[in-house]
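Protein chains: 2
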Amino acid sequence: MKEREENLPVCEHDEVHAEHVSLARAAMPCEETLYELADFFKIFGDSTRISILFAIDGEPMCVCDIAELLGMTKSAVSHQLKILRQSDLVRYKKSGKNVYYSLADDHVRDIIEKALDHIKE
Amino acid sequence: MKEREENLPVCEHDEVHAEHVSLARAAMPCEETLYELADFFKIFGDSTRISILFAIDGEPMCVCDIAELLGMTKSAVSHQLKILRQSDLVRYKKSGKNVYYSLADDHVRDIIEKALDHIKE
DNA sequence: CAAACGGTTGAATAATCGTTCAACCGTTAT
DNA sequence: ATAACGGTTGAACGATTATTCAACCGTTTG
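Residue numbers (the numbering used here), protein chains in the order written: chain A, 1 to 121; chain B, 1 to 121.
It should be emphasised that the hints constitute simulated quantities derived from the structure, not laboratory data. Glycine included, every Cβ here is placed at the ideal spot set by N, Cα and C. Hints are supplied without guarantee of correctness; some may be wrong.
[Unchecked claim] Derived list of chain A stretches under chain B, where covered just means 3 residues or more per stretch with a C-beta under 8 Å from a C-beta of chain B:
id, segment
1, 17 to 27
2, 32 to 40
3, 62 to 69
4, 111 to 117
[Unchecked claim] Lysine-lysine pairs mimicking DSBU-like chemistry, simulated, CA-CA at most 35 Å apart:
id, chain 1, residue 1, chain 2, residue 2
5, A, Lys114, A, Lys93
6, B, Lys120, A, Lys82
7, B, Lys42, A, Lys93
8, B, Lys82, B, Lys97
9, B, Lys94, A, Lys114
Please model the complete structure; the sequences and the hints are all you need to start from.
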């Protein structure tokens with residue numbers, strides 16, 4: 001029977017769906033993992049940062065040259081590099097007045113490669 | 001006090017760096033690809049959408065049940081489902097009053113799996 | 001038929017995010 | 001020491017974006 005009063009704004013779930021929901025909930029990762037995943041993907045969700053990652057793939061590059069390559073200010077590039085740094089996606093090495101950035105590991109390449117596969121479908 | 005007597009605000013690149021920039025530029029994907037990549041990752045860069053993808057992994061689910069599972073309104077879920085639909089990340093099948101959503105293909109699973117690897121390091 | 005439900009949609013609001021601008025720091029050279 | 005350069009940073013602005021709210025559509029049921 002109907003267990004709830006009327007004027008409930010949300011839909012009433014019958015037994016089958018409730019079971020369905022329970023099963024799905026049990027298979028879900030914890031909330032923290034979901035946020036970490038989203039935050040991780042958010043990093044790649046900007047064309048400037050993607051461009052930077054491609055730029056420093058291969059040889060390390062200094063901020064000034066990245067800025068010139070992308071046609072952006074050093075400030076804008078530095079801001080994005082900070083985000084990439086905080087996410088451990090890039091490494092840097094100081095040399096005199098310059099700071100040279102490179103990819104942190106091959107993991108980054110793998111993920112972008114997978115995404116390229118999907119786009120090129 | 002800062003004054004600008006010389007009028008070159010950007011740094012002057014010597015020959016070595018200019019060559020470096022040229023090489024990096026030649027290895028870069030075209031601009032359109034960079035935008036497509038960023039847009040693709042942007043989809044995953046939201047915890048609600050990530051949650052939805054996990055929810056419909058396994059068995060297909062209707063909007064109402066997804067909304068209950070995530071503790072959100074049907075409207076909010078539907079808006080996000082539209083984005084996932086437009087990106088071909090999910091499929092849907094109408095059945096009576098319900099619309100059942102499921103993952104479009106295994107590609108989605110692969111990419112999330114890769115990201116999980118990186119997070120769990 | 002009309003009411004009820006699942007689902008979608010557009011406009012509005014609030015929060016998030018990227019770039020610009022100006023100032024600043026450390027290193028190198030004058 | 002002073003100036004110039006590469007790089008970083010914080011605040012402010014503009015753009016983007018997720019959620020809410022209200023209205024609406026199609027299907028099923030009474």
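Going down the list of hints, with the structure as the test:
Counting residues of the segment 17 to 27 of chain A whose C-beta lies closer than 8 Å to any C-beta of chain B gives 7; at least three are required, and the coverage claim holds. A count of 8 residues in the segment 32 to 40 of chain A with a Cβ less than 8 Å from any Cβ of chain B is obtained; the coverage claim is therefore met, three being the minimum. Coverage of the segment 62 to 69 of chain A by chain B holds [criterion: at least 3 residues with CB-CB distance below 8 Å; count 6]. Under the rule that three or more residues need a Cβ within less than 8 Å of chain B, the assignment of the segment 111 to 117 of chain A holds, with 6 such residues.
At roughly 28 Å between alpha-carbon atoms, A:Lys114 and A:Lys93 fall within 35 Å of each other, so this suggested pair holds. Proposed proximity of B:Lys120 and A:Lys82 is supported: the alpha carbons are some 22 Å apart, at most 35 Å. Proximity of B:Lys42 to A:Lys93 is assessed by CA-CA distance (about 29 Å); at most 35 Å being required, the pair is judged to hold. Between B:Lys82 and B:Lys97, the direct Cα distance comes to roughly 18 Å. Compliance with the 35 Å bound is thereby established for this hinted pair.
For the hint linking B:Lys94 to A:Lys114, the alpha-carbon distance of about 31 Å falls within 35 Å, and the restraint holds.
Of the hints listed earlier, there is not a single one the structure fails to meet.
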